[in-house]
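K.L.:
Starting from the known structure of chain A, arrange chain B on it as the hints suggest.
Chains as they are written, first to last, in my numbering: chain A, 337 to 663; chain B, 163 to 603.
These aren't lab readings, by the way, just hints derived from the structure by calculation. Take every hint as true, because none was put in to throw you off.
Stretch-level coverage of chain A by chain B, calculated; a stretch enters the list once three of its residues show a Cβ under 8 Å from a Cβ in chain B:
{"hint": "1", "stretch": "357–369"}
{"hint": "2", "stretch": "455–468"}
{"hint": "3", "stretch": "598–605"}
{"hint": "4", "stretch": "642–656"}
Result set (EDC-like, lysine to aspartate or glutamate): computed pairs, CA atoms no more than 20 Å apart in a straight line:
{"hint": "5", "chain 1": "A", "residue 1": "Lys343", "chain 2": "B", "residue 2": "Glu520"}
{"hint": "6", "chain 1": "A", "residue 1": "Lys343", "chain 2": "B", "residue 2": "Glu521"}
{"hint": "7", "chain 1": "A", "residue 1": "Lys343", "chain 2": "B", "residue 2": "Glu522"}
{"hint": "8", "chain 1": "B", "residue 1": "Lys598", "chain 2": "B", "residue 2": "Asp569"}
{"hint": "9", "chain 1": "A", "residue 1": "Lys554", "chain 2": "B", "residue 2": "Asp179"}
{"hint": "10", "chain 1": "B", "residue 1": "Lys552", "chain 2": "A", "residue 2": "Asp648"}
{"hint": "11", "chain 1": "B", "residue 1": "Lys525", "chain 2": "B", "residue 2": "Glu485"}
Residues from chain B that face chain A, not an exhaustive set, calculated with beta carbons under 10 Å:
{"hint": "12", "residue": "Val178"}
{"hint": "13", "residue": "Ile180"}
{"hint": "14", "residue": "Pro332"}
{"hint": "15", "residue": "Met546"}
{"hint": "16", "residue": "Asn566"}
{"hint": "17", "residue": "Arg591"}
Only a predicted model underlies this, so the values are computations on that prediction, with no experimental measurement involved. Every residue, glycine too, gets a C-beta built ideally from N, C-alpha and C.
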Amino acid sequence: MEEKDEKLVISSSPHIHCETTTRRIMLDVIISLVPALVASVIIFGPRVLLIVAVTIASCVLSEYFSRKVMKRENTIGDLSAVVTGLLLAFNLPVSVPPLVAAFGGLIAIVVIKQMFGGIGQNFVNPALAARIILLNSFPAYMTSWTKPYLYLHPAAATVASTSDALAGATPLALIKHGAAANQLPSLLNMFFGNRGGSLGETCTLALLIGGIYLIARKVISPVIPACFLGTAALLSLCMGRNVAYDLLSGGMMLGAIFMATDYTTSPITTKGKVIYAVGCGVITMLIRNFGNLPEGVSYAIVLMNILTPLIDSGTRPAAFGKEPAKK
Amino acid sequence: MDSSLPVSPFKTHGGVDILSRKHTAAQESAVLPPPEEVVLPMQQHVGAPCKPLVKTGDRVLIGQKIADSDAFVSAPIHASISGKVAGIVKISLAGGQLVDAVRIVSDGKMETSPDVKPPEIKDLPGFLAAVRASGLVGLGGAGFPTHVKLAVPKGKSVDTLIVNVAECEPYITSDNRCALENTAQIMHGISSVKKWLGIHRVMIAVENNKPDVIETMKKAAAGDAEIGVLTLHSRYPQGAEKVLIQSCTGRCVPMGGLPADVGCIVMNIASAAALGEYLETGMPLVKRRVTIDGSAIKNPQNVIVPVGTYIKTIIDFCGGYREKPKKILMGGPMMGVSIASDQLPVIKQNNGIICLGEEEAHKMEPTACIRCGRCVRVCPMHLMPTMLEKFAMAKRVDDLQEYNVMDCMECGSCAYGCPAGRPLVQAIRLGKALVKARRKK
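In isolation and in its complexed conformation, chain A is listed as follows (with noise of 0.2 Å):
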């Protein structure tokens, strides 16, 4: 075509774009996370931010190393790694070893999301694989659970590091074994997250600050930790547990607002986002009650991950006009 005195650029329509980026969106979860990574260094001590520096530099690093090997452009900007890091770190206990720690995050950045195709690809959650994957290969790792503050009495510590009345079993593991309502935290300490448990799981709190921050933000719907916590609510009050415990205890929280909510493992559509949070809630439930373990959030949002794709076809908005005619 004519190219006369200046050369403009021609491209398709629209030619304006807005504010909103991958990258923005990554750091504004980032920022979601921040009031419980603090609380966690509060409840937990400072190996809190050993856990949580070695998981992100170890997704990081695998991101920026396993694209170079497949020769593809580095996406280590866009911040999904920090994010996987951050999250999988939050879902560990604060003793765990540095190098389990470490190969959680090999796990979860190239086996479960590069080796996939990378950032929107994933089948399932990064972190959440990955720790499913930890807690099958290091049991014992996984499972043991420190007491809130015990980091201000290091004499304590170092004593009877194994003894059960340091390691703080988790509120869902005493429920488990029928332990009776006094040897439970009270509520306020469950909401306040002076639980034991994982390093970013315990602050109701913090988390739900989060929640909000990332729902005035509009990176999430409401609807999926809604539908997950009423679902997993409903069931328990049917089961005759301890609703408020339910959804205090074990990863619910972080799950259902954090976990829950990645938008590659979740479906695209409302429709689609209920039926797969009432799956996660109903799940969840099932495994605490009827299961051997404590606890199924990992569980529940791993399973409906994988059945996300066909919730999606199976909930396609009906294009306009195909809808039945409005008065």
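P.N.:
Only chain B this time, still in chain A's reference frame:
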């Protein structure tokens, strides 16, 4: 059907909030001094191209018909300045197609043709013939011949006329200015359509970011209880025909259907004004109000120009370029077409020329889709752009059809909001071409 005038808009799906950038809304339109020459392409509308009725050396006067076609879906073209036909030339339109064009060199007199006199109309066919003779096409951008739009197909009845002043494209304010500056012609155009088509419900639909237009229109329509002004949310693409009909009436145009299927006719306000002017004075569509704006323009404003004026001439009138333009758009930044040169003429349906500077024209490098679902949420046609893109790239024509690719109106809401900067509209256009190619076989 319900024929009352709604006070608030009906609910529609999707859309995006875009910074409106209506810098030129408060400024009165300037009139371009007569240009030295104009070029009138034979295709300024949807439908069959016209054939020139004049030859090199002929003297032509303003309003004189210089090209026409026998086809029903077509619209005649009139001289927009007085002067001599300097030749029939080939020019390439915005989309790249090569067409004949009549080049007229001005004699500086701007003399009006004696043919220009108000039409005498006795019945509906006479009205439609007059509309055709005026050369009027949809001035909102589509360029669909108005007499075709107003000819209601047999077996269908129309009870509502929607006058579109949504003007949801960023930057563009030519309809806004038209509503304020040509109010009398607009009302004349509306009442003639009402009269000849027997329509008793007219809605003037305005986005709520134009309070002055709402007020002016309300005042102008005060005398007629059948004409109402409806305030719409300013949300892109509010002015898209199907979205607008749903906002105004709650009716949903069936897939592949026309507004007449739900009893509606949608007319752009500039078309209504041009119709009113033609019926009053007999002057056909020979001038156009265009918004000249964008970061590369020195003095953004609306300019009334003869159809066929070179874009460069108008930009020079606006003080020229502030910086070297990186992109020149015919139309707004959401649906406008980027053109290769400012030596193209303004055609009938151009409502704006937007020149983007280096920074504004910057395009995001696409990264991988993260399946966030924003494109699905904003699609006013309830499609799944992310799936359409994948199918188009993989040339999966069956899936493209199954996912209704042909229903996309290319409003660009999906690509505007895609955090990964995916070229969704581009891929969908490719997908449409694949489906069309299959249908031809």
